[in-house]
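Colleague: What follows is each chain in one-letter form.
Protein chains: 2
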Amino acid sequence: MWGIEIDRESELPLWRQIYKQIINRILSGEIKSKEVMPSTREMAKKLSVSRNTVCQAYDMLITEGYITSQQGALTRVSEGLHMEVIAEAKEYRNSAPAQVYAADFRTGRPDLRLFPRYLWQQLLNKAAGTMPLERLGYTGPQGDPALLQEISAWLYRSRGINVDTDNIFITAGATHALHMIAELLGEKGQRIIMEDPCHKGMHKTFIQKGISVIPVPVDQQGLQVEYLSNQTDACAIYVTPSHQFPLGGILPAGRRTRLMKFAWENDMYIIEDDYDSEFRYCGEPVSPLLSMDPQRVIYVGTFSKTLFPSLRIGYVILPRKFHTQWRKIRTHTDVQNPSLEQAALAELMASRKFDKHVKSMRRVYSLRRELMRNELLEKFKDNLTIIGDEAGLHMTVQFASAAPLLSSSDSFRSISKEKGVKIIPVEYHCIKKGIHVDKLLLGYGHLNEQEILNGIDIFESIFI
Amino acid sequence: MWGIEIDRESELPLWRQIYKQIINRILSGEIKSKEVMPSTREMAKKLSVSRNTVCQAYDMLITEGYITSQQGALTRVSEGLHMEVIAEAKEYRNSAPAQVYAADFRTGRPDLRLFPRYLWQQLLNKAAGTMPLERLGYTGPQGDPALLQEISAWLYRSRGINVDTDNIFITAGATHALHMIAELLGEKGQRIIMEDPCHKGMHKTFIQKGISVIPVPVDQQGLQVEYLSNQTDACAIYVTPSHQFPLGGILPAGRRTRLMKFAWENDMYIIEDDYDSEFRYCGEPVSPLLSMDPQRVIYVGTFSKTLFPSLRIGYVILPRKFHTQWRKIRTHTDVQNPSLEQAALAELMASRKFDKHVKSMRRVYSLRRELMRNELLEKFKDNLTIIGDEAGLHMTVQFASAAPLLSSSDSFRSISKEKGVKIIPVEYHCIKKGIHVDKLLLGYGHLNEQEILNGIDIFESIFI
Numbered sequence: 001m002w003g004i005e006i007d008r009e010s011e012l013p014l015w016r017q018i019y020k021q022i023i024n025r026i027l028s029g030e031i032k033s034k035e036v037m038p039s040t041r042e043m044a045k046k047l048s049v050s051r052n053t054v055c056q057a058y059d060m061l062i063t064e065g066y067i068t069s070q071q072g073a074l075t076r077v078s079e080g081l082h083m084e085v086i087a088e089a090k091e092y093r094n095s096a097p098a099q100v101y102a103a104d105f106r107t108g109r110p111d112l113r114l115f116p117r118y119l120w121q122q123l124l125n126k127a128a129g130t131m132p133l134e135r136l137g138y139t140g141p142q143g144d145p146a147l148l149q150e151i152s153a154w155l156y157r158s159r160g161i162n163v164d165t166d167n168i169f170i171t172a173g174a175t176h177a178l179h180m181i182a183e184l185l186g187e188k189g190q191r192i193i194m195e196d197p198c199h200k201g202m203h204k205t206f207i208q209k210g211i212s213v214i215p216v217p218v219d220q221q222g223l224q225v226e227y228l229s230n231q232t233d234a235c236a237i238y239v240t241p242s243h244q245f246p247l248g249g250i251l252p253a254g255r256r257t258r259l260m261k262f263a264w265e266n267d268m269y270i271i272e273d274d275y276d277s278e279f280r281y282c283g284e285p286v287s288p289l290l291s292m293d294p295q296r297v298i299y300v301g302t303f304s305k306t307l308f309p310s311l312r313i314g315y316v317i318l319p320r321k322f323h324t325q326w327r328k329i330r331t332h333t334d335v336q337n338p339s340l341e342q343a344a345l346a347e348l349m350a351s352r353k354f355d356k357h358v359k360s361m362r363r364v365y366s367l368r369r370e371l372m373r374n375e376l377l378e379k380f381k382d383n384l385t386i387i388g389d390e391a392g393l394h395m396t397v398q399f400a401s402a403a404p405l406l407s408s409s410d411s412f413r414s415i416s417k418e419k420g421v422k423i424i425p426v427e428y429h430c431i432k433k434g435i436h437v438d439k440l441l442l443g444y445g446h447l448n449e450q451e452i453l454n455g456i457d458i459f460e461s462i463f464i
Numbered sequence: 001m002w003g004i005e006i007d008r009e010s011e012l013p014l015w016r017q018i019y020k021q022i023i024n025r026i027l028s029g030e031i032k033s034k035e036v037m038p039s040t041r042e043m044a045k046k047l048s049v050s051r052n053t054v055c056q057a058y059d060m061l062i063t064e065g066y067i068t069s070q071q072g073a074l075t076r077v078s079e080g081l082h083m084e085v086i087a088e089a090k091e092y093r094n095s096a097p098a099q100v101y102a103a104d105f106r107t108g109r110p111d112l113r114l115f116p117r118y119l120w121q122q123l124l125n126k127a128a129g130t131m132p133l134e135r136l137g138y139t140g141p142q143g144d145p146a147l148l149q150e151i152s153a154w155l156y157r158s159r160g161i162n163v164d165t166d167n168i169f170i171t172a173g174a175t176h177a178l179h180m181i182a183e184l185l186g187e188k189g190q191r192i193i194m195e196d197p198c199h200k201g202m203h204k205t206f207i208q209k210g211i212s213v214i215p216v217p218v219d220q221q222g223l224q225v226e227y228l229s230n231q232t233d234a235c236a237i238y239v240t241p242s243h244q245f246p247l248g249g250i251l252p253a254g255r256r257t258r259l260m261k262f263a264w265e266n267d268m269y270i271i272e273d274d275y276d277s278e279f280r281y282c283g284e285p286v287s288p289l290l291s292m293d294p295q296r297v298i299y300v301g302t303f304s305k306t307l308f309p310s311l312r313i314g315y316v317i318l319p320r321k322f323h324t325q326w327r328k329i330r331t332h333t334d335v336q337n338p339s340l341e342q343a344a345l346a347e348l349m350a351s352r353k354f355d356k357h358v359k360s361m362r363r364v365y366s367l368r369r370e371l372m373r374n375e376l377l378e379k380f381k382d383n384l385t386i387i388g389d390e391a392g393l394h395m396t397v398q399f400a401s402a403a404p405l406l407s408s409s410d411s412f413r414s415i416s417k418e419k420g421v422k423i424i425p426v427e428y429h430c431i432k433k434g435i436h437v438d439k440l441l442l443g444y445g446h447l448n449e450q451e452i453l454n455g456i457d458i459f460e461s462i463f464i
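Chains as they are written, first to last, in our numbering: chain B, 1 to 464; chain L, 1 to 464.
Among the hints, erroneous ones may be present.
One copy or two, either will do: identical chains are not told apart, so a pair holds if it fits within one copy or between any two.
[Stated by the list, open to error] Cut-off 30 Å, straight-line C-alpha distance, at most; resulting in silico cross-link-like pairs (DSBU-like, lysine-lysine):
| # | residue 1 | residue 2 |
| --- | --- | --- |
| 1 | K34 | K45 |
| 2 | K20 | K261 |
| 3 | K200 | K321 |
| 4 | K20 | K381 |
| 5 | K328 | K200 |
| 6 | K328 | K20 |
| 7 | K417 | K328 |
FYI, nobody ran anything at the bench for these hints, they're computed from the structure.
Isolated chain B (complex conformation):
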């Protein structure tokens, strides 16, 4: 019958096999408009299937209007269904396997091996078992109230700032926070001032929203606020004052007050990205700009570095005037964060095991930084300087006389690839190119002692 073939080994039910093949033949024109369909009894006999199976296929074809059956009349193919083009789904494989490096100096990667997995498993298990039923439904765009409470308490005990839970909004990480902020601020033609260099991903997040980015240069202390004065036509300034990414400076008090004054005078908002200030090794985390004016600063925090990236939980602290709009945007963007991991995180923080984990990782990362620093200084001596504050998960190095290798990014890239080394040059994160060609970023957070020693050996072999 019309060349319909039945495959009894298939996972596809028999009725659906018949139904699919009839549709294909109708659309291709093999079975013509108004053609009378064979009776279900006849079709069943020809295909050696039960009549019930054919009835099910016919019912579906009628429901979807491929064939038409009127009481007492014959069942016929509907009109006007023939299509010239029947597209074929050709398949391409386009996912490449993740690359493995001999030495992987990528930045912003915590050591996942030291994450307290068993504890997290227990907390999730508890949350899954005890979370109130209604929290499986829609729970609103702001976030789990218990988590908001714990973040507020953590900010108080670790940074000394008072943040009311009403001002905290959970996000799916820092990139998502910036994307939302761009939605919040970025009407057509808006401009945002950014540090240059800054994190390329964050830069792209704004660019993608159609926002024009005005670069303002950075030195070893952070944003050079004196260059702000003639950039009065922007809606916001994006800064990383606690630990400038990528150069590593802490924005000094004098620049902070000038920055705040500039924002007030020109009615701009400050977007403070506090991406890794939990990890500062020669003292406590520095105070956020937020404490200077919570109605002028939008603060961005994340758990990607303190816990693990695929958790996808971060937060923003928002001036009141944006609350309503934020809720509206979030509702029509991705609705809310998943509820379960928020509950587990709230519990982790409430038990203070979060503080303990951060403290212990701070010790580990500090030792790793120290080891990498010593290795580099021993091998490169005066040819290399380490710049920036003692903080974070990466280190910025500057070559004394711009190493010949670095002056050509092509040859640097090819020799790195050949040796299996992954290193991001500061230049990669620069908006205006050519100023920081003598600097490289060496991520160490995710590398243990042996990996650091091996990595620096390979790194040395590139330059010597």
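Please build the complex by placing chain L on the supplied structure of chain B, with the hints as guidance.
Modeller: Positioned in the frame of chain B, the structure of chain L alone reads:
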């Protein structure tokens, strides 16, 4: 000393209390520029704290540039830090408690009481314990390969369509999928054709992206394709062909082929939102438009209705030409979905317990629909018709003679509120107002037998 007060009961470390109060006095001008700081010994004595505590506060003030210390010289307050305005963080409480209704007929709500929580808890626990370590890190914008595989297999056995895993991209639910699609398609001035009425949330998601929406009317069979012909200036058409939201029709084959031809002729994409087609009660789920041309249809699916909304997992099936751009946009939007729940969901599907749950919920919802239908017809007789296919989690009712109450949306709203009833009129979802004033939406998925009976009693009392 400058009125600095120490609170030994506070969670804030003593050094931070001193540090904070000194900063406030510097910024407010109480402590002047260039003023000499008391020695740490003196300060410690005045405040009755250890000298070490004061040193820690001073170190931090030096790090952040509030005070300046040079070898052999006095420690002085830095210059230019006085700020006219010290903003105060006034706090407003703006979260209202969730409302409770006597009868809650909201749409799109699965019954969370019947979700197999214990099973889910076990799967999460297993995923948390066994997930490869590297999946705690960044795992890419497409989604967990195991989940992609399971979705592909599920689409094959439940809908009979072949979808290669390369074409599936995980999202944070259907709204997020539409937001991403809007980013993908919506360059400035783009226009999208939408069914009218359509889900207001989805409409808002496009509007929020600055996309102009062209409404095309819907009847009981779905999109009225004959009205498409003069709307050739759009980039895409958003449709719900398996179960039109909110009117409930299944788009017939004749309209499907006309729609596809229109899309080909005018180089438009079709966005197929298959939001609840798993729940069809008088037969199997209908075939998606996707099967007609996977390079022209962007298919949107979600687990919010089959599992639970706060899971925040859905997916799109994308034409090849969009793959690279999608990955880029996702990377700079919210990076990726959390990894753990993806792994648990993959396991739920692989074990076929997902199929079992969907099948059992289909039976439950079908009975609820039947009960509500019978109650309504008994109470309202010919004054009310139930329209749309027997599917989904809500029912659309039409009053025979537009009930006087419905002609005034204000009085309907006030009497509903008074009786504690939550009902969404179809009018709420209409772009062009005034056409569907005689229709209401009654969600039943989340209501058990008793709640339906009580609800319909209260519903009746509004009209009689």
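Colleague: Decide, hint by hint, whether the structure agrees.
Modeller: Hints, one by one, checked against the model:
Taking identical chains as interchangeable, the C-alpha atoms of K34 and K45 lie at most 30 Å apart only when both belong to the same chain, with a minimum of 23 Å there against 102 Å between chains. With identical chains, the CA atoms of K20 and K261 are at most 30 Å apart between copies only, with a shortest distance of 20 Å across copies and 68 Å within one. In this assembly of identical chains, the alpha carbons of K200 and K321 lie at most 30 Å apart whether taken from the same copy (29 Å) or from different copies (25 Å). When the C-alpha separation of K20 and K381 is checked against a cutoff of 30 Å, the pair qualifies neither within a copy, at 72 Å, nor between copies, at 40 Å.
Taking identical chains as interchangeable, the C-alpha atoms of K328 and K200 lie at most 30 Å apart whether they share a chain (28 Å) or sit on different chains (13 Å). Taking CA atoms no more than 30 Å apart as the test, K328 paired with K20 passes in neither setting, with 43 Å inside one copy and 36 Å between copies. In this homomeric assembly, K417 and K328 come within 30 Å of each other (Cα to Cα) only across copies, at 23 Å, whereas the closest approach inside a single copy is 46 Å.
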